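Here's the letter readout for the chains.
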Amino acid sequence: MKMTIITLLSDFGSFYPAQMKGVILSRLQGKARDITFVDIAHDIPPQDVLAGAFALLSTVPYFPKGTIHIAVVDPGVGTEGLGLVVESGGHIFIGPDNGLLLPAARSLGTPTAYKIRAPFAASNTFHGRDVFAPVAAQMATGQSPGSIGPRVRPRDLNFGDGKKTDGGIETTIIYVDRFGNLILNMQKLPGVDVCLKGVKLKRVRTYAEGRRIEPLITMGSHGFAEIAVNQGNAAEAFCLKAGDRIELEEI
Amino acid sequence: MKMTIITLLSDFGSFYPAQMKGVILSRLQGKARDITFVDIAHDIPPQDVLAGAFALLSTVPYFPKGTIHIAVVDPGVGTEGLGLVVESGGHIFIGPDNGLLLPAARSLGTPTAYKIRAPFAASNTFHGRDVFAPVAAQMATGQSPGSIGPRVRPRDLNFGDGKKTDGGIETTIIYVDRFGNLILNMQKLPGVDVCLKGVKLKRVRTYAEGRRIEPLITMGSHGFAEIAVNQGNAAEAFCLKAGDRIELEEI
Amino acid sequence: MKMTIITLLSDFGSFYPAQMKGVILSRLQGKARDITFVDIAHDIPPQDVLAGAFALLSTVPYFPKGTIHIAVVDPGVGTEGLGLVVESGGHIFIGPDNGLLLPAARSLGTPTAYKIRAPFAASNTFHGRDVFAPVAAQMATGQSPGSIGPRVRPRDLNFGDGKKTDGGIETTIIYVDRFGNLILNMQKLPGVDVCLKGVKLKRVRTYAEGRRIEPLITMGSHGFAEIAVNQGNAAEAFCLKAGDRIELEEI
Numbered sequence: 243m244k245m246t247i248i249t250l251l252s253d254f255g256s257f258y259p260a261q262m263k264g265v266i267l268s269r270l271q272g273k274a275r276d277i278t279f280v281d282i283a284h285d286i287p288p289q290d291v292l293a294g295a296f297a298l299l300s301t302v303p304y305f306p307k308g309t310i311h312i313a314v315v316d317p318g319v320g321t322e323g324l325g326l327v328v329e330s331g332g333h334i335f336i337g338p339d340n341g342l343l344l345p346a347a348r349s350l351g352t353p354t355a356y357k358i359r360a361p362f363a364a365s366n367t368f369h370g371r372d373v374f375a376p377v378a379a380q381m382a383t384g385q386s387p388g389s390i391g392p393r394v395r396p397r398d399l400n401f402g403d404g405k406k407t408d409g410g411i412e413t414t415i416i417y418v419d420r421f422g423n424l425i426l427n428m429q430k431l432p433g434v435d436v437c438l439k440g441v442k443l444k445r446v447r448t449y450a451e452g453r454r455i456e457p458l459i460t461m462g463s464h465g466f467a468e469i470a471v472n473q474g475n476a477a478e479a480f481c482l483k484a485g486d487r488i489e490l491e492e493i
Numbered sequence: 243m244k245m246t247i248i249t250l251l252s253d254f255g256s257f258y259p260a261q262m263k264g265v266i267l268s269r270l271q272g273k274a275r276d277i278t279f280v281d282i283a284h285d286i287p288p289q290d291v292l293a294g295a296f297a298l299l300s301t302v303p304y305f306p307k308g309t310i311h312i313a314v315v316d317p318g319v320g321t322e323g324l325g326l327v328v329e330s331g332g333h334i335f336i337g338p339d340n341g342l343l344l345p346a347a348r349s350l351g352t353p354t355a356y357k358i359r360a361p362f363a364a365s366n367t368f369h370g371r372d373v374f375a376p377v378a379a380q381m382a383t384g385q386s387p388g389s390i391g392p393r394v395r396p397r398d399l400n401f402g403d404g405k406k407t408d409g410g411i412e413t414t415i416i417y418v419d420r421f422g423n424l425i426l427n428m429q430k431l432p433g434v435d436v437c438l439k440g441v442k443l444k445r446v447r448t449y450a451e452g453r454r455i456e457p458l459i460t461m462g463s464h465g466f467a468e469i470a471v472n473q474g475n476a477a478e479a480f481c482l483k484a485g486d487r488i489e490l491e492e493i
Numbered sequence: 243m244k245m246t247i248i249t250l251l252s253d254f255g256s257f258y259p260a261q262m263k264g265v266i267l268s269r270l271q272g273k274a275r276d277i278t279f280v281d282i283a284h285d286i287p288p289q290d291v292l293a294g295a296f297a298l299l300s301t302v303p304y305f306p307k308g309t310i311h312i313a314v315v316d317p318g319v320g321t322e323g324l325g326l327v328v329e330s331g332g333h334i335f336i337g338p339d340n341g342l343l344l345p346a347a348r349s350l351g352t353p354t355a356y357k358i359r360a361p362f363a364a365s366n367t368f369h370g371r372d373v374f375a376p377v378a379a380q381m382a383t384g385q386s387p388g389s390i391g392p393r394v395r396p397r398d399l400n401f402g403d404g405k406k407t408d409g410g411i412e413t414t415i416i417y418v419d420r421f422g423n424l425i426l427n428m429q430k431l432p433g434v435d436v437c438l439k440g441v442k443l444k445r446v447r448t449y450a451e452g453r454r455i456e457p458l459i460t461m462g463s464h465g466f467a468e469i470a471v472n473q474g475n476a477a478e479a480f481c482l483k484a485g486d487r488i489e490l491e492e493i
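Chains as they are written, first to last, in my numbering: chain A, 243 to 493; chain B, 243 to 493; chain C, 243 to 493.
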């Protein structure tokens, strides 16, 4: 029996992801496929494509070739086309054509994208279940991504390195994790010492290098700079949340 | 190896669902069953049978015949009988006898219900693990629902269509999703234009028909009317939450 | 195909657990292992080892022998050694050497602990993915715990029975569940009637013995005393949260 891994990422919260799994399992019944579902996250902030793209990019490198990734975070739900199938580095991505899939796909190889065309019964409000799940079932049975529709140039989305300003670096908080660490839209550390809101951030290699409650800046395990408070909560300490734009002041 | 799909729905939050899965896996060990668990939701508002019934009804149609659904949302936990096994449309439902299972079961066919009788070691506080999980394991090995206890007439629960009042329609918010959309206890749209708290709701087929931040009313993909704010949050905009009773004023 | 159950418990919230599963699935590819993942909880309060140990202890007894449990709750992440493999009662536990694993392991038999030694590429901030997941994959292929490193005496952690004081019993709230029930660090009920903040707690066997909104104390299904409000929320009623120290006043 062939084993297929299908990951799911969305901003749906609960019970909609189960609908998607039900559709996939229904379509694969009797086809001797053994499906292993792995939920990446369903608590992406609603319609926050950047946060979704970050979570997907951070997670897919740990999965083996052949994995199928369904990702749905879509502010324009129910309107602009049926979405994409993207093939890259032996992985298959299925989701909307809004840049969500691209950073992850690019990190694994050179992406090739195909536009999903009819016939898929598209419900008014839920492409994830009515389009992406059936397409994932087709991919799981070995159908080729190219069979799904014409090759297209997909919309892209780029993470940044921070924007140089007069007194420092401007950047955005992509994600706040459960520990209150602020993940920044910067794929390298600042070259000099910086402050946030007047407080110096100690540049460290691991959190443990900080003293208790000391504010730190470090490269996170996902390849983005992050601000943390050792054994504390940086989001609370600095009153910041995902989506906030911040300035790192050079010292 | 025979594959059985078992879905789980509860108001338990975390680690109790894992106990239920552990019990099922323990009982099936060495029986050459391949179990695929799918969590529907474990964040049903505590003891909110209506919300649980809605989530179950919305989700089970997407699963194939043969699926076993365990659902536990029970204000009177540990008291009134050991619960039910309900068979309908080739699906099996296991849960309390409080109406939770019935809308979903009815949506798939004509339900037949059996009362679970002893011997099941019923813990003081957790039927889900000590009764429903072992019964699910029995069902997964092919035992018939009728073997579990006598056939009974189950308690039922009906969703509504809104209640006609002098100036409009009275209804209840069953569920608020992660986007702040208000799912109403109404299985059809009002026949005329309506306001909520003095604000006109545009009747649309998809969210995208609304302008940015415009309040909408539409039929959700689950077959219930829902109130949304395009790219906004209706629950916050109208200061409403699950369980609230509202009036839709006719214009 | 051999089936292995792997449970996961952490304070990571979302998408980090998926990274761990991806690593395990990648390492087991082509090895004809069928893995069933069961998430115990990923919403353990950040760095709360006691709460994590409680959730693990409460859950592992329901799993069959041969189950592999990965647990990660670690205030000193990235510093003190690479962690442990603990074998007990036919189960395998993998996690940090801070007491998290021990109550659960002891509940199943006599634990034997081995210190994980290099070579595991330890990322700066994430042992769960870079150390524990690869070790779990090795265990799943049948490698022996003893092969992983030298036998050691692990750090332990003990739950309590409450501390006798002049007027009553002092204890800590380990966990607040979704219903607002307060799980206490006491593995037996007080021998006499007690009050909390001046309110008498009725000693009951099941919640249903209380009247609506009556405060209760009972032995929970997990073997710890818990304070509940029948059909209400004890955490809200008494203004208490996990980690709070309380006094049960003898009457």
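Hints are not guaranteed to be accurate.
Remember, identical chains collapse to one label, so a pair may be satisfied in a single copy or spanning two.
Calculated lysine to any residue pairs in the SDA-like style (CA-CA distance at most 25 Å, straight line) [said to hold, decoys possible]:
no., residue 1, residue 2
1, Lys442, Tyr304
2, Lys273, Met245
3, Lys273, Leu431
4, Lys406, Gly323
5, Lys273, Pro287
6, Lys430, Asp372
7, Lys406, Glu489
8, Lys444, Pro317
9, Lys357, Ser463
10, Lys442, Gly323
11, Lys405, Gly391
12, Lys357, Arg269
13, Lys357, Arg487
14, Lys430, Ser256
15, Lys405, Asp290
16, Lys444, Pro288
17, Lys406, Asp276
18, Lys442, Asp372
19, Lys307, Gly410
20, Lys483, Met245
21, Lys483, Pro288
22, Lys444, Gln289
23, Lys444, Gly323
24, Lys307, Gly323
25, Lys483, Ser330
Derived by calculation from the structure, the hints in this document are not laboratory data.
Remember, it's a predicted structure, so these values are computed and weren't measured experimentally.
Against the structure, the hints:
For the identical chains of this complex, lysine 442 and tyrosine 304 are neighbours neither inside a copy (34 Å) nor across copies (49 Å), given an alpha-carbon limit of 25 Å. Proximity of lysine 273 and methionine 245 under a CA criterion of 25 Å is satisfied in both settings, with 11 Å inside one chain copy and 11 Å between copies. Proximity of lysine 273 to leucine 431 under the C-alpha cut-off of 25 Å is found in neither arrangement, the shortest distances being 49 Å within a copy and 40 Å between copies. Taking CA atoms no more than 25 Å apart as the test, lysine 406 paired with glycine 323 passes in neither setting, with 37 Å inside one copy and 39 Å between copies.
Taking the shortest alpha-carbon separations for lysine 273 and proline 287, neither the intra-copy value of 36 Å nor the inter-copy value of 37 Å comes in at or below 25 Å. Taking the shortest alpha-carbon separations for lysine 430 and aspartate 372, only the inter-copy value of 21 Å comes in at or below 25 Å, while the best intra-copy value is 39 Å. When the C-alpha separation of lysine 406 and glutamate 489 is checked against a cutoff of 25 Å, the pair qualifies only within one copy, where the shortest distance is 10 Å, while the shortest distance between copies is 53 Å. Only between protomers do lysine 444 and proline 317 lie at most 25 Å apart by alpha-carbon distance; the minimum there is 19 Å, versus 37 Å within a single protomer.
Within a single copy, lysine 357 and serine 463 get their C-alpha atoms only as close as 33 Å, which misses the 25 Å cut-off; across copies the closest is 23 Å, which meets it. In this assembly of identical chains, lysine 442 and glycine 323 lie within 25 Å of each other by CA distance neither inside one copy nor across copies; the values are 47 Å within and 29 Å between. Taking identical chains as interchangeable, the C-alpha atoms of lysine 405 and glycine 391 are never at most 25 Å apart, the minima being 38 Å within one chain and 47 Å between chains. For the homomeric pair lysine 357 and arginine 269, the shortest alpha-carbon distance inside one copy (21 Å) is at most 25 Å, but the shortest distance between copies (33 Å) is not.
In the homo-oligomer, the alpha carbons of lysine 357 and arginine 487 never lie at most 25 Å apart, since the shortest distance is 34 Å inside one protomer and 44 Å across protomers. For the homomeric pair lysine 430 and serine 256, the shortest alpha-carbon distance between copies (24 Å) is at most 25 Å, but the shortest distance inside one copy (35 Å) is not. When the C-alpha separation of lysine 405 and aspartate 290 is checked against a cutoff of 25 Å, the pair qualifies only within one copy, where the shortest distance is 21 Å, while the shortest distance between copies is 37 Å. Taking the shortest alpha-carbon separations for lysine 444 and proline 288, only the inter-copy value of 22 Å comes in at or below 25 Å, while the best intra-copy value is 33 Å.
Taking CA atoms no more than 25 Å apart as the test, lysine 406 paired with aspartate 276 passes in neither setting, with 50 Å inside one copy and 50 Å between copies. When the C-alpha separation of lysine 442 and aspartate 372 is checked against a cutoff of 25 Å, the pair qualifies neither within a copy, at 50 Å, nor between copies, at 30 Å. When the C-alpha separation of lysine 307 and glycine 410 is checked against a cutoff of 25 Å, the pair qualifies neither within a copy, at 41 Å, nor between copies, at 57 Å. For a Cα distance limit of 25 Å, the shortest separation of lysine 483 from methionine 245 qualifies neither inside one copy, at 40 Å, nor across copies, at 42 Å.
For the homomeric pair lysine 483 and proline 288, the shortest alpha-carbon distances inside one copy (14 Å) and between copies (18 Å) are both at most 25 Å. Taking the shortest Cα distances, lysine 444 and glutamine 289 sit within 25 Å of each other only across copies (22 Å), while inside one copy they are farther apart (33 Å). Only between protomers do lysine 444 and glycine 323 lie at most 25 Å apart by alpha-carbon distance; the minimum there is 24 Å, versus 47 Å within a single protomer. When the C-alpha separation of lysine 307 and glycine 323 is checked against a cutoff of 25 Å, the pair qualifies neither within a copy, at 28 Å, nor between copies, at 32 Å.
Proximity of lysine 483 and serine 330 under a CA criterion of 25 Å is satisfied in neither setting, with 32 Å inside one chain copy and 43 Å between copies.
Going down the numbered hints, you'll see the structure goes against 1, 3, 4, 5, 10, 11, 13, 17, 18, 19, 20, 24, 25, while the others check out.
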